[in-house]
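Asker: One line per chain: the protein sequences are X and R, in this order.
Residues 2 to 351 (the working numbering) make up the first sequence, in order.
Residues 72 to 645 (the working numbering) make up the second sequence, in order.
No lab work stands behind these hints, which were simulated from the structure alone.
Since the structure is predicted, the reported quantities are computational estimates derived from the model, not experimental observations.
Be a bit skeptical, because a hint or two may be false.
Unchecked claim - Label-pair distances were calculated between CB atoms; the ranges are: (1) X:V62 / R:T455: 38 to 46 Å; (2) X:S202 / R:S577: 37 to 45 Å; (3) X:M39 / R:G340: 44 to 52 Å; (4) X:L178 / R:S524: 41 to 49 Å; (5) R:A399 / X:G197: 21 to 29 Å.
What the hints assert, rightly or not - A few chain R residues that don't get close to chain X, going by computed Cβ distances all over 10 Å: (6) T220; (7) P264; (8) S623.
We put the beta carbon where it would ideally sit given N, CA and C, even for glycine.
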Amino acid sequence: MAAITEQVEAPADLRPEVVGRNPWALAARRLWRNRLAMAALILFVLIVVACLAAPFYAYHVAHVNPLAPNLNGTTVINGKVVPVMQQGGGTLKLGETPIGPTWDPAHYALGADDLGRDVATLILYGGRSSLLIGIGSAVLCCVGATVIALIAGFFGGITDSILSRIMDIIWAFPVFLLLFSISTELLTHSQGFQFGPVHVSASSLWLPTIIIAFIYLPYVYRPVRGQVLSVVRKEFVEAAIASGASNLRLVFSEILPNVVSTVIVLLPLMIATTILTEVALSFLSIGVQPPNVSWGTIISDGEDLLYTRPWVSIAPGIMIVLTVLALNVLGDGVRDALDPRSKLRVGAAW
Amino acid sequence: MRLVRPVHTVVTRHPLRWSAAALVALALAVAGCGSSSSSSPSAAPSSTGKPGGTFTILANSSFGVADPAQNYTLQEWQLLIDTHDGLTTFAKENGLAGTKIVPDLATSIPTPTNGGKTYVFHIRHGIKFSNGQVLKPSDFVTTFERQFTVPGPTAFYSDIVGASACSTKGCNLSKGVIANDSAYTLTINLTGPDPELMDQLALPFAFAVPSNTSLKLLGNNVPPGTGPYMWKSYNPNTELVLVRNPYFKQWSAPAQPAGYPNEIIEKFGLQVSDEVTEVMNGEANEVFDGDQIPSDQLTQLNSPKYSSQVHVNTLTADWYMALNTRTAPFNNVKARQAINDAANRTAYVKIAGGPSLAVPACQILPPNFPSYQAYCPYTTGSQTVWSGPNLTKAKQLVQQSGTAGMKVVVDGTNDQVGKALVEQMVSDLDSIGYKASAQLLAASVQYPFVQNSTNSSKWNVAWSAWYQDYPAPSDFLNVLLGCGSIHPNSDASPNIAAYCDQSTQSQINQAESEEATNPSGAAKLWTQIDHEDTNAAPWVDLYNPKQIDFLSSDVHGYKWNPQWYILIDQLWLS
């Protein structure tokens, strides 16, 4: 208790390293010094880079056409040419089983899936889709929710009531129920989204991105709106109003900079959530559509091979765990870095 | 009959899709004349069966509404043939013998009169329904009228005089189905000759129900029948139970033999992998043959330990990709032939579970089917057996057709096998210069979607599958590719490709009319039509599927009938 008191009471703000510095620089410095968060960031960056390098791996390392079926293909194991799909044994010879991991990057390192495709390559391509949708929908959601929250919180009154009730309606639905309903309708019934001249085809990655972003709008909207409402009542905003600042200036110069840290704290956590959501959708065949793959579709494809070729499902599962873990740890680090209270802790450490 | 899709390998017989408006078609599965190539020694019919016990079937899901006037699933039909009878039936025999039509509640198969438009059936005396009511010819009037008052696939009996005026609101077949309860005769008058009437009367839709049965849909209540078993209970969420019919006395062993088990139970709602495990452990007796056994467990079934419990049979069915002949590029016959040449059928067979579970196909009629004569113009080498894609020829044809580079949408279902088939087809199309993309729909949506002409601009290639209703070439060649099977703006238009060639249609009409008077001539004509349709390439025929039956080790007397598949009541337990 004494130690805490000492920390809280420590005149950290007066230390020369902190005084007069930009709060963003301070946050970056705090994040930089958080080793766990930095390790998570490095891991996440590595995953992103690996996924971006998918075409290089496919064409120059594994030498495969990444997404095309290869049911009649062959590969080399221990110097022997073997079929990628192997017919069942015994007298009945039922079924075709893809080859398992060879641990040789040039020859189906993680084995093949039920279409004879290289699982290692698919995981990298799947990661591109999962990350693109995860990051895209999280950014879209955060930007959209922030804009709506700024409008609602700044104008208040009837505007706030209407926008908040709309968000409440979305909020009222169980997340996955609404998600599955919309996805099923748009992906497997209507062949995409059509609104006037705007058409998003079912095979486009934009469709799951938009759906997921829409579903999570209230989850970002609520805390941001609360933040906007508290900032709007601050003295410096009143001072800006008194000095004749326009609404646009008030929103973008006075309010937004003071709520953006909330959004930034939420972003990595939202990315983790949206990646998991995309995986769930794709696992159920109502997310990423062929010829694209995602970690969810690969796990789904491996469902029937769990006993004989578990790596088809395990490998993308590991990638999901690592990605989400990295994002959650990073999110905690960002929160610690941007949280005003953490300044005391970091300051005390200095 | 069109069945809902299987997922891995195995042919599924879940709820068939039918549409009230329509047409023809669908109904049971397969058959073909029987090349029941069961792999186990116990496939031979046993004459030393031991009555008694409870036979338990495990199924992933139930078959929906049980009313026999509406239900169109083989899953229920496999049980209805044990509880009900029609005027005729397919003999309950193993293999080819099972395709023979034999009299059931009729004493004999009548010879038609009045130019093939009138049939007089003599009904057997002394047969009782499971509620004790005596069977009378007038019971059949109700049976046939229910075909029209209960929403269902009425097309099988639409040639009966008076049927055209029937609807779900009411039906009067007094001129088409005339019962004489004193003479014990039933006269059926048709508007025109129908050489396939005996097959159609053998389907469960025409199974006799008591004359006081409601003309409305009975839901999950199955009216009493005359077979060796009766329905004790049916709950689509849990299980159904059949018990012995106390009033049953065997009148014809080929038509309706007495069954062995005292009770037949079908449990619903298990994962297929759990079903397999339970049967392996002897906790149940059969994995419902429409359920798709996962790849992993297929590998287990290859073990010699299970070799006597696994039975594989060839089905008279086609899995195919219909080519939309209304729009480019496949309104051009060369483009259609090109993709037929390019289709890598070995890959499709692997998707189906390998050569043990599917056979590559090029032509419309399946092997072991009447009028089938092996023909495969879309391969390298021999013109009879598919041996490999002919990509060189395919690319030449694409160039000649002037369709190279066109966008092509491949439509299929979004389950595991559906996705795989579509992705392989996209790959095949890309390999000959098209820009193909996939369009995956929920299984319940896909079939009506591709049938309806209002959607014809949205797809170019569509997956479909067809299992015979009964062993007649018209069930494939006329139902699926006849001009009369195109119904614009309808969800029930089984000629998905919308292929219509008037000269071929004339031949179809001629073959149908000759079936009664000149069967061998008609058979030759059907063969010719099959080959002509294959040349015109309205489909890419992918493969003919096979089916797995997995039984527990204490089950004996396995019989596989090409029409009904496994004969459940002929199995006995040790």
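Asker: Of all the hints given earlier, name the ones this structure violates by number, lowest first.
Answerer: Hint 4 contradicted; others consistent.
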